[in-house]
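**Student:** As given, the protein sequences belong to chains A and B, one line each in that order. 469 is the number that my numbering gives to position 469 of the first sequence; each next residue is one higher, with no gaps. 728 is the number that my numbering gives to position 259 of the second sequence; each next residue is one higher, with no gaps.
Possibly wrong hints are sitting among the right ones.
Just so you have them, the derived chain B footprint on chain A, three or more residues with Cβ under 8 Å [as the list claims (entries may be wrong)]: (1) 10 to 21; (2) 35 to 48; (3) 424 to 437.
I should point out that these hints are in silico values taken from the structure, not numbers from a laboratory. For each residue, glycine too, the CB sits at the ideal point set by N, CA and C.
Protein chains: 2
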Amino acid sequence: MKSIGASKVSLSSITTEALWQQSGRYSANSELLRIKDRRESGFLLSPTHEEEITALVGSMVHSYKDLPLRLYQIGRKYRDERRPRGGLLRAKEFMMKDLYTFDSSPKSALETYESVREAYTNFFNELKLPYLVADADSGNMGGKLSHEYHFASPKGEDYIFSCNSCNYVANEELVEKKTDAAAPKIGDSLMFTGISVDKKTAINIHIPNSSAIGVDRVSWDGVSAFVNLHAVKKALPKDVEIDTGIETSTLSFLLSKTTNTVDIYDPTHPNAPSTSSMDITLTKPGDPCPRCSTGKLNIQKAIEVGHTFHLGTRYSVPLNAVIALPDQNLSSPIHMGCHGIGVSRIIGAVASLLSDAKGLNWPRVIAPYEAIILSDQKTNEADTSEVYDALYGEGRNSDVDIVLDDRAGKSLGWKLKDADLIGYPVVVVLGRGWKEKREVEIQCRRLGVKKYVELKLLRAEVLALLEQL
Amino acid sequence: MKSIGASKVSLSSITTEALWQQSGRYSANSELLRIKDRRESGFLLSPTHEEEITALVGSMVHSYKDLPLRLYQIGRKYRDERRPRGGLLRAKEFMMKDLYTFDSSPKSALETYESVREAYTNFFNELKLPYLVADADSGNMGGKLSHEYHFASPKGEDYIFSCNSCNYVANEELVEKKTDAAAPKIGDSLMFTGISVDKKTAINIHIPNSSAIGVDRVSWDGVSAFVNLHAVKKALPKDVEIDTGIETSTLSFLLSKTTNTVDIYDPTHPNAPSTSSMDITLTKPGDPCPRCSTGKLNIQKAIEVGHTFHLGTRYSVPLNAVIALPDQNLSSPIHMGCHGIGVSRIIGAVASLLSDAKGLNWPRVIAPYEAIILSDQKTNEADTSEVYDALYGEGRNSDVDIVLDDRAGKSLGWKLKDADLIGYPVVVVLGRGWKEKREVEIQCRRLGVKKYVELKLLRAEVLALLEQL
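Bound conformation, chain A alone:
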């Protein structure tokens, strides 16, 4: 956050219903935890802070001269999760780093977006764990440009498609596949009928019945198991927006009132007009990559740990965050972005990825300490200090962050087990080797290292291990 000139703030977790009604997010969000105070006034626990920060900045920033502005916080967020699970992975209360960016033009907002992506990439690189960056839909955040950062993990709840040949990565909502225009049309037909947001237009979605499910008209409920609704959105005429949240129970009544009909065909549908080019069926593992000529798509379960959104004026317009522009008499809503890293979720995800039967295991940059020194009760303090000093190195500030387990009344074996449980990246032991020939043992469970070294080599050996962690 420092690298992109962001300033730290701390907003309240309790916010008002009124502010969320103004932004239009109040009624839509079933994950809000709501509170009434003793006067029966409506409050809620913020799941994110776009409303609060936009109102705050809008009240203080009135000119392009005060922009760009980048504000972040690290704090608790609250969501009434449908399925709380996995401890820190998905909880009602969690810790998030959230950044909000404010620019005076779309161009500078997009430059800001790229700076944030670079900072996030640097951050995730430092963890030295494989991660995926997926093109992502912006969900109900209201923007159009967005990326997700994922750790591939069987404990994940998201599905990420990636090409086995090029660097194409996308989440399941946004993933596309290459359509073979010359492919033979598949005979059987399947139709879903949806409705537009303004309830004026019925939308018939036609795909080939490759699953041979034995009916030709399928309830709207099942649409997402067969159709890529994101592709349908793109395939529809500009003035028709599909209502993806409608419930089947109200749909048939609403359809009887529509005045227009639009038909959308998958290009492999037998009746597809020659103008149909948007592939609207679901992507499956093994489908051809839409970017390169030879790649096939893989699917992985993943844990989302970061997200960048370009918001544009989604919040600045309803919350009236407006600035004067250099051209006299002109003003503009502020162009915003919001960007999050799931702090407590990273802890949970890393724990699930790197732990083994002996305990946790932490990447160097988020470990409680990079190295721990252990000795038994019979080792004298001067010896332990000598090892500590050798690892610490010359100068006032060491580049190794060390802790010494000098707890009384605990055996060396107990301390070793405890160090493994906590998951220090490197464990340094004054054991038998020390008594016999003044050699210390270096253990690194993650890299499978366990060896004795002379004291004068200790520091270099530990630093070489830490470089890889």
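Fit chain B to the supplied structure of chain A, relying on the hints for placement.
**Tutor:** The following block gives chain B in isolation, referenced to the frame of chain A:
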């Protein structure tokens, strides 16, 4: 917190109704903000964390060998305040440092209590602002030994009595006064009738009618304007506990069912038996100090900013936090303490105490920076760096925390106003004096200092000012 070996933890703000029902604090507390999740399960936002931490420690600590244990956190707390006011002084959401202590015996718990008091005293001393430490009632926290830390302030909502001669300080609930046993009995009589917690005993409280309010039997509602209920508690027989929270509307019905009556007399009441020695009337400014022979009591409005409580086994018993003792086959509930400092309230209190028409003013230890260096746009960078280096001093780590206002496009006058507004303890200006004879101006609004010094004296002068702030 480090000085007393406390470890930092971070507990969730959302807790369950069930835990608070187990401790017995759920129904009593009208300041709880309550939440229902999508399954209609009952949660609440923790106003303090005794329940959570006792349950946590009770589940992990099982032997006296693991004690003493001291755990603290710095985080948000939530209260449905009757009267939110004064910005950070009293809000639904606030920042608190809360410490919980766990000991294996009453003796070691009391030693811990004294260590915490010493650490708190050191902390408040560092702010270099006058504060009061009052003997305090422990309210609904359930303990018996407790102290409050207050800043005297007209914006306060608490009343603190202090002796003008000795060091006696107490809050309005606990304050006592010297009773002149030889004083003439005052003729007129006033009686209040309350009830015991078990609803079996009517309690008649008799005081002299020194206010001459013209009636002799007064509604229970008005009792706290005339009677020191804390003293009444002490004066009652051991097996009778007065219900101070009862409402007048239900009292007369309940009194008709009582089977016993107890009479409590103030010693100055005309009918007081010679055994009455507990002064139960309210203390007023000017009353004689109960501790020394000559002092009179003053009253001040004050802002409570810290609190220490000895809890004993108030929470460990209902929440079953029990340890094995050294004597074989013996076990004991853990002896606890809880101790808080109102972090955001200190910010608000200091702001209200030290601010003036020009802006805020911060004690050195909580200032954003200890000193700011200002120059106009024509001053070259080498000059500003020379001043910065002179103030920073030799060596890698300076004992002055400096910020340089190098914002472009802002005049020296604008920067001065902004520095006053923010309230840096010391402001160093490269102004006219610098151009004419290379002297810098040192400003300290709080101490009324504004003077020019040669560069070689700058560091010593600033350090001397900071010593006082």
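**Student:** Decide, hint by hint, whether the structure agrees.
**Tutor:** Here is what the structure says about each hint:
no. : hint       : in the structure
1   : 10 to 21   : holds (count 3)
2   : 35 to 48   : holds (count 5)
3   : 424 to 437 : violated (count 0)
In this structure, the one hint that does not hold is number 3.
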